[in-house]
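Participant: For reference, the chains in residue letters:
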Amino acid sequence: MANEVILLDFWPSPFGMRVRIALAEKGVKYEYRDEDLRNKSPLLLQMNPIHKKIPVLIHNGRPVCESLVAVQYVDEAWNDKSPLLPSDPYQRAQARFWADFVDKKIYDIGKKTWATKGEELEAAKKEFIDALKLLEVELGNKPYFGGETIGYVDVVLIPFYCWFYAYETCGNFSIEPECPVLIAWAKRCMQKESISESLPDQQKVYEFVLMMRKNLGIE
Amino acid sequence: MAEIKLLGLWASPYDRRVLWALKLKGIPYEYVEEDLSNKSPLLLQYNPVHQKIPVLVHGGKPICESVIILEYLDETWPENPLLPSDPYERAVARFWVKFIEDKCSSAWLVFRTSGEEQEKAVKDSLEMLKTIEEHALGEKKYFGGDKIGMVDIACGAIVHWLEVIEEVVGIKILEPHKFPRLHAWTKNFEEAPIIKDNLPDRDQMLVYFKQAREKSLASA
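As given, the protein sequences belong to chains R and X, one line each in that order.
The first sequence begins at 1 in this note's numbering and counts up one residue at a time.
The second sequence begins at 220 in this note's numbering and counts up one residue at a time.
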């Protein structure tokens with residue numbers, strides 16, 4: 001049976017980027033479809049009736065929803081190359097823990113750096129940097145979270161890098177002086193084609209965020 | 220075999236999930252009850268990031284977050300598997316586990332709040348149950364088929380605790396006529412051999428959660 005892979009996505013979504021990277025790492029050919037989230041396609045509504053959200057990976061007509069579930073699925077369905085999760089169960093548990101940490105912290109707090117002001121913004125910036133610092137400790141002096149090669153946590157975290165410029169500019173702070181090790185890791189990741197081709201330009205993301213701020217009535 | 224410790228709290232559904240998995244797989248372990256108002260140095264050492272239970276410690280190495288612990292147990296002790304072997308079916312199971320994790324907070328809000336806030340939490344809980352009833356449960360005995368799997372364990376903890384919450388707040392949410400599939404599933408799950416011998420004492424739970432609700436409302 002032919003391997004038909006479609007990804008329903010939205011270009012600035014860090015969750016969508018995770019799946020793009022995973023597919024690229026595995027060398028999977030797929031059809032990318034950008035959704036208009038104000039006018040969701042019938043396919044999206046049919047394939048993800050519960051959340052009606054992207055990304056949705058459709059493999060031979062069957063949908064996989066939720067970015068972390070989809071990344072793990074890609075890892076297991078195309079297990080002939082570039083393993084994303086380690087083989088040792090304890091290392092896998094650690095990778096899942098840090099991916100879960102990224103999900104609990106980075107998106108929501110990151111959003112506050114461009115969507116809030118005053119005291120709420122200051123608290124968000126501190127929480128954001130603290131979370132990144134914990135990730136730096138976990139990275140240690142390894143080139144990637146996955147060790148010598150890109151792994152699960154790298155795939156889960158790196159998409160937020162293209163949002164950093166928007167966070168910093170809107171929130172008026174700078175990440176690199178506080179987290180040099182993490183920024184060095186991010187730049188190292190961007191050397192990889194599977195990542196650089198999956199992430200949009202940070203300036204475009206910034207313009208998108210400015211538009212969102214306008215829509216939300218934030219000055 | 221390296222020693223296994225479970226740091227937990229008897230009244231926590233997250234803790235219970237791990238206990239059920241350990242029992243289903245016949246894995247021996249030592250249970251350490253934590254006092255969350257006075258966290259032990261061991262807990263702070265093993266879960267510095269979240270400082271929460273449950274924490275499974277295997278040969279001195281800690282694993283945190285109940286769902287991550289379940290996956291770890293399943294991979295390290297593959298007999299009586301909790302996840303199917305086919306990648307697509309595993310993805311479906313993981314989707315439902317995540318759904319339950321994301322939505323079960325509404326059940327806790329029913330318990331912690333009153334008035335309008337509670338009304339909204341009841342509405343959200345009903346929606347969560349409706350989605351599970353209509354989309355997750357098929358005609359089989361359990362979520363994954365004929366045997367108890369990860370989705371059953373994840374859901375079972377929340378549903379069992381919901382039954383206590385309903386009694387404490389005096390609001391019936393999981394009504395059998397509204398959720399026939401879920402009701403049938405709950406009976407199958409709670410009467411299953413190992414599960415029924417490892418349910419927390421209902422009376423003790425009622426006392427515990429009545430007190431906890433009073434505290435919660437007082438500090439609101």
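These are calculated hints, taken from the structure and not from any lab test.
Any given hint could turn out to be false.
The calculated DSS-like cross-link candidates involving lysine-lysine, where the alpha carbons are at most 30 Å apart (straight line), are [stated by the list, open to error]:
1. X:Lys-242 to X:Lys-342
2. X:Lys-242 to R:Lys-52
3. R:Lys-53 to X:Lys-349
4. R:Lys-52 to X:Lys-397
5. X:Lys-342 to R:Lys-105
6. X:Lys-342 to R:Lys-53
7. X:Lys-317 to R:Lys-40
8. R:Lys-53 to X:Lys-280
9. X:Lys-271 to X:Lys-242
10. X:Lys-280 to R:Lys-104
11. R:Lys-112 to X:Lys-360
12. R:Lys-112 to X:Lys-342
13. R:Lys-105 to X:Lys-317
14. R:Lys-105 to R:Lys-142
15. X:Lys-415 to R:Lys-105
16. R:Lys-111 to X:Lys-322
17. R:Lys-133 to X:Lys-360
18. X:Lys-342 to R:Lys-126
19. X:Lys-359 to R:Lys-112
20. R:Lys-142 to X:Lys-271
21. R:Lys-52 to X:Lys-280
22. X:Lys-339 to R:Lys-52
23. X:Lys-280 to R:Lys-133
24. X:Lys-339 to R:Lys-53
25. X:Lys-397 to R:Lys-53
Stretch-level coverage of chain X by chain R, calculated; a stretch enters the list once three of its residues show a Cβ under 8 Å from a Cβ in chain R [said to hold, decoys possible]:
26. 269-282
27. 295-308
No residue lacks a Cβ here, since even glycine has one placed at the ideal position from N, Cα and C.
Participant: Under the constraints set out in the numbered hints, which ones does this structure not fulfil?
Facilitator: 1, 2, 8, 11, 15, 17, 18, 19, 21
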